[in-house]
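We have chain X; now place chain V onto it with these hints.
Same order as they appear, the protein sequences are chains X and V.
Just remember that the working numbering sits 28 ahead of the position in the first sequence, which is counted from 1.
Just remember that the working numbering sits 28 ahead of the position in the second sequence, which is counted from 1.
Accuracy of the hints is not assured; some may be wrong.
No copy is singled out in the list; a pair is fine if it fits within one copy or between any two copies.
Computed list of lysine to any residue pairs in SDA-like fashion (alpha-carbon distance at most 20 angstroms, straight line) [as the list claims (entries may be wrong)]:
# : residue 1 : residue 2
1 : 266       : 167
2 : 360       : 118
3 : 266       : 169
4 : 266       : 297
To be clear, the hints were calculated from the coordinates, so they are not data collected in a lab.
Owing to the predicted nature of the structure, the values given are computational and were not obtained by experimental measurement.
There are 2 protein chains.
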Amino acid sequence: MSNQNSQVKLINRPVGLPKLSDWDISSAEIPTIEDGQVLIKVLYLSIDPAMRGWMNEGKSYIAPVGIGEVMRAGGIGVVIESKDDAFEVGDHANGMLGVQEYVAIKVSELVKVDANLAPLPLYLSTLGMPGITGYFGLLDTGQPKEGETVVVSGAAGAVGSVVGQIAKIKGCHVVGIAGGEDKCKYLVDELGFDSAIDYKSEDLSKALRTHCPKGIDVFFDNVGGDTLDAVLAQIRFKARIVICGAISQYNNTTAIKGPSNYLSLLVNRARMEGIVVFDNAANYGAAAQQMGAWIAEGKLKSREHIEVGLENFPEVLLKLFRGENFGKLILKVA
Amino acid sequence: MSNQNSQVKLINRPVGLPKLSDWDISSAEIPTIEDGQVLIKVLYLSIDPAMRGWMNEGKSYIAPVGIGEVMRAGGIGVVIESKDDAFEVGDHANGMLGVQEYVAIKVSELVKVDANLAPLPLYLSTLGMPGITGYFGLLDTGQPKEGETVVVSGAAGAVGSVVGQIAKIKGCHVVGIAGGEDKCKYLVDELGFDSAIDYKSEDLSKALRTHCPKGIDVFFDNVGGDTLDAVLAQIRFKARIVICGAISQYNNTTAIKGPSNYLSLLVNRARMEGIVVFDNAANYGAAAQQMGAWIAEGKLKSREHIEVGLENFPEVLLKLFRGENFGKLILKVA
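If we strip away everything but chain X, and leave its shape as in the complex, we get:
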């Protein structure tokens, strides 16, 4: 192997959509490892909407990526050198590996994954953070009951597709909101959603009235903005709104658009609650096991959109914000 470690570093705090000039792609030496660490060769990186938040200054649920630092990213890699008994060379691991080819990392920050049980990219989608986010966000916070109407935005995305399918497993009437005919067809034909709304070509409020004639009991929101407002206007008594993200607002250069219809929470005695997957860390295992079983039974399907090449990271990230990915967006590094 060469002695070079390509890395993508954040060198400016973006205003609006990240620009190519906000990144520096350069080479460093491959790091050496200490006791308790392993050297990981990065194979796949997860490209997530949350990355945009990590690039901003200010208090959030996690510290921002520092200027000049390697961009944070979850990923799957293979151990190529180990100074800890817990990992052997050849083991695969999931962790915050960063947008780079190699990383020296403490084994306590890694979770071992089995390449024989599932294709590696699946550990970044349904069996990874997005899937587990959807699992706990829907079941613990959304608390869907059989027969209720569940709406999910960003429904063809990594989190949304899991949410909708689990809601179907729980006996709910499920409506997805996604952009484009292909995605909508996929939601209904492949994933078994009851219906899907193409926000790019349909009047969202009208379509919601058609597909949710009894109103909306649970809304799992990945999008925010006008989508959240349209749904708030049609929630039912004691509805639960799960705030998982707001991809429509992350690249705003003006203030975030707050939900004008938030007083619908009062009218309907409804609840809006934010979630972050890290809070459920203690229960990841149980969730992954349940999701694995559903996958094996064919009840939970996933789709990955895999791009290739570390150097393409800046452009691939933009695909996410332009809604050009179809399935969980993953960057294949090596």
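Relative to chain X, chain V alone:
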């Protein structure tokens, strides 16, 4: 008694602040009563922010007041004629009496009150809807724990003052937001709040940082708008935001300002939930009993702002939206 019944009717749906021309004040005959009804002479009417919502067309938690109808209002009256065994002439009752001098009403829509136990206006404030709203909204939805920081907006109002005092009884650090030095002094000196912020003369965000150094665990909001946003920026992990009202937004002629900082719910895994007092109707009795005990112990104080004269209703309602009342606003009719 004369045979005339003065009434205030809504004749236009207001845009923005209600205008005097949105009302018609005229006389009708005093109604006759049927079996199961009583004739009530109205003594006191409750003037509430919620009235503004009742004047708008559209779905809400209660039907709008119809054009040409007597304006809805809660009130206290005395029975002057009865065709039901449950009420005798001279009994006092609380109910939705309307902005008028006399009303024929079914006894099932009335609650008897005892003029010997408490002054009648108290049944429209701490012992009435506002007090009970604060009681359940804070305790059931806000779920304050000892040592937590509770912030309440509209703190010198009928609901807010009850919320703050109950939070003190529960051992919380309590900060009130109100308009004007007099109200702020009252909150701290008379009601025992830990501190009060005058939103009219202070920088709200800065003052919140000073008075809530650990951040905000519970926010009970009667105001909305910029106040809600300022608080959202300073909530703690797992905070609870109780949406009781949004008086700053009720007279908007443009869209309601949604909370731009709502993603703080996500960052802090916090919850925002709407309340309407009617849902707790089954437990009014228990709440009133507890509040009565606190009043007797001197732990729960109230202040009423009493204006006089049915014909002044349109102008008195505006006082509320201009923040000119100091204490529960009540209109003495007779």
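Identical-chain pair category, residue 266 with residue 169, by Cα at 20 angstroms | Cα proximity of residue 266 and residue 169: in one copy and across copies (13 angstroms, 13 angstroms).
Go through the copies and call it for residue 360 and residue 118: within, between, both or neither, with a Cα cutoff of 20 angstroms.
-> Within one copy, since 18 angstroms is at most 20 angstroms while 83 angstroms is not.
Under a CA distance limit of 20 angstroms, which applies to residue 266 and residue 167: within one copy, between copies, both, or neither?
-> both (16 angstroms within a copy, 18 angstroms between copies)
Copy assignment of residue 266 with residue 297, given that the CA separation must stay at most 20 angstroms | both (5 angstroms within a copy, 19 angstroms between copies)
Comparing the model with each earlier hint shows no violations; every hint is respected.
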